[in-house]
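Residue numbers (the numbering used here), protein chains in the order written: chain H, 1 to 341; chain A, 1001 to 1333.
Think of the hints as simulated: they come from the structure by calculation, not from any bench. Keep in mind the model is a prediction, meaning the values are calculated, not measured. All C-beta atoms, glycine included, are put in the ideal place defined by N, C-alpha and C. Hints are all accurate, no fakes.
Coverage of chain A stretches by chain H, computed from C-beta distances (three or more under 8 angstroms per stretch; other residues unrestricted):
1. 1187-1194
2. 1247-1260
3. 1270-1284
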Amino acid sequence: MIDQPQLVDVQNLVKHFPVRRGVLRRQVGAVRAVDGVSFGIRHGETLGLVGESGSGKSTLARTLLRLFEPTRGRVIFDGEDITAMDSKALRRIRSRMQMVFQDPYASLNPRMTAGATIMESLQVNRVGDSSGRAERVRELLDLVGLAPRSLNRYPHEFSGGQRQRISIARALAADPAFIVADEALAALDVSIQAQMVNLLQDLKEELGLTYLFIAHDLAMVRYLADRTAVLYLGRIAEIADSEELAQRPLHPYTLALLSAAPIPDPVAEAKREHIVLPGDVPDPAKPPSGCRFHTRCSFATTLCQEKEPELRDLGASGPHLVACHHAEKVRRHVASKSSSL
Amino acid sequence: MTMLLEVRDLVVRFDTDDGTVHAVNGISYSLQKGESLAIVGESGSGKSVSALALMGLLPRPQARVEGGTIHFNGRDLLTQSEQEWRRTRGREIAMVYQDPMTSLNPALSVGKQLSQVVRHHLKLSKSAARERAAELLSLVGIPNPRGRLDDYPHQFSGGQRQRVLIALALSCDPALLIADEPTTALDVTIQAQMIELVKGLREQLGMSVVWITHDLGVVAGLVDKVAVMYSGNMVEEAPVHGLYDQPKHPYTVGLLNSLPTLEPGVRRLTPIPGSPPDPRELATACPFAPRCAWVVERCRESPPPLAPVAPQHSAACFRSSDVDRQPALGATR
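Modelling step: build the complete structure from the supplied sequences, incorporating the hints.
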C-alpha cells in the first residue's frame, strides 16, 4: 500500500466561515472550522477521520470535494489541483469523487423510486448510453445487495439500512474512484451497521475504491480504515496506522476517545482506565491559545497554553504523526497501563 | 430489598392507517428498589413504547394498552386516573429523553423550568424553588449553577442541556428514573460524562434506573441487569455479567457480534442477516427465526416462551442450551 501513489493530497487546507455582526454586516471574526490540515490518501486506501461534533470533520470533507470554497490551501486529486479548476473541469472530475451522507432519510428524494434515483446519477454523470443504463441500474442494485423488485419502490418503503444501500448505489453509479462517507453508519441500528461495514469492505475490494470514512466512533473506524486521523477543532491531533493508533495512542485526546468508546463486556469495562474529559469542545470561533486541547487535557502544562504543538513523527515502524508537546509522556502512560492488565 | 416496579404481560398496540401495529406483545419484568435495568433493542423493538407506558404517556388515541399490569410501589398504574398520573409523573417516575434540544422550552430560562416543576410538585415558595433549582444544577455538575439560572437553553452546550434535563428529572427526587436513549445524540466523550454522572447519582440518591438503548456496549458498565427486546417481545433477561458472558438467545449473540471491538486485527464484523419483521404481523412463530443461525423446524411452528435457563436468567428460545457466542455453522453470511 505504501508504494501506491497518492490519489488525494490535501495541502494546508483552511476553511473559515466569517462571523458578521451589525447593520453593515461587518466581519467581526471567523469560525475556524478547518485550520491548516494536510494529509494524503493513497490509491485503494481507506483513511478514517474521527472527531467530535464541532471538530470540523464534515467541513473538511465538503471543502475537500470543493462543495465549499476553501479559504486557503490546495487539494490535489489524481494529479490535478481541484482548488484551481473552473466549474466545467470541476464538473468533469466530480463524478470521480462521490459522497454518501449521514441521514438516509434526508438524502434521498422521497418522490423518486430507487431506480430513478440511481438512473439520475447515471444521466447526470453521463455514464453509458440510454440503452445500457437500465441494465446498469439493475447491476448496481444487485451490487449493494438490494433485490430487483426494489427498482420501483420509493424511499419510504425501505428501512434505514436499505436506504443507505440506495445512497451507496447512487454514489457508485458515477463510477467514482474516491468515496467520502460522512457518518454514513451513524443513523443505523447496530446490527445494520455491521452489514454496512462489510458491504463497504466488499465494494472496496471489488471495485478498487479509495475511501475517506468519517465517524465519531473510533472502534468502527478501526474496522474500515487503514489509517486514521483524529481531528480536534479544525486541526489534526494525530494520524497513524489504525491499529497503531488504537493500541499506542500518542495524543491525550485520542486516548480519551478510546477510553470513551464503550466495551460490550462488564468485566473489561470495570477494569480499564476511564478518562472522562471535562467540559465540551470549545467554540471554534475562539479556539484556546497554544494547544487547542489544553483546556480539557490532564497532561497540559504552561507550555501547552503558550505554544501550539507542530505535527511530528514519532513512529517506530511507520509514520505516526502527533501534535502534542507531551506525546512521549502519553506513550509511557499507555505502556504502563497495558502492561498492568 | 423491596419490589419497586413489576410489569406483567404488557401488551400495547397502535392503530394506524396501514393496520394494527403490535408494538409490545406481552412483556414482563421487575425492578427492586435501587436496582437498575437496561432495556436493549433496535428501532421498532418496542423498547421506547414500553417506557412511555410506564409514564402513562402513550400517544392517544392511536395507542392502546391491550392487557397486562404495571405495579409500581404496590399499586397498578394502568388503572390510575389522569389526575393520579400527574402526581406519579415527575414526582415518582421521571424520564430523560433522547433529544435535549426539543425537550426543553427554548423560551423559558433554565431556572424557571426547574422551579416550575418543584413549585408544582413540592409546593415550594418562589425563593425556595430557585434555591432548589441551583442545587439541582450543581448536583448534575453544571459549573457556577447560581449564575446560570437565568440562562436560556440555547446558551448551554449539547452535553450541558442533557445535564439540565437530568436535573429536571431529578427535581422531585423520583424513585425511578427512565432514560430513553439519553446519549445517542451525543459525542462519545460527552456520552462517557453522562454515564459517569448517572452512575454517581444513582449511588448518591439510591434511585432505580431503567436505561433504554440500542447499544449493548453503553450499558455494560452501568446496570445490574439487562432485558433484550426484539419485535415487541422480551427475548432474554439476565444479570449483566451473565448476559455478556453467556448469552442464551441468538439475537443477543447477534447484537454482541455486530459490535465493533477494539481487538486487534479483525477487519470484518458478523452482522445479523436480514431485517426485523413487519410489526403489523402478529408472530405465530419465533419472530427471530428468519434471521437465526440456530433455527430448526419447531421455531417456525410456535413462538418459544420466555423460560429460565440459569438462575435469574431467562431466554425465549427452544435451542437456548445450544446457543453460545460462536456463530453456528453456516452462519457466516
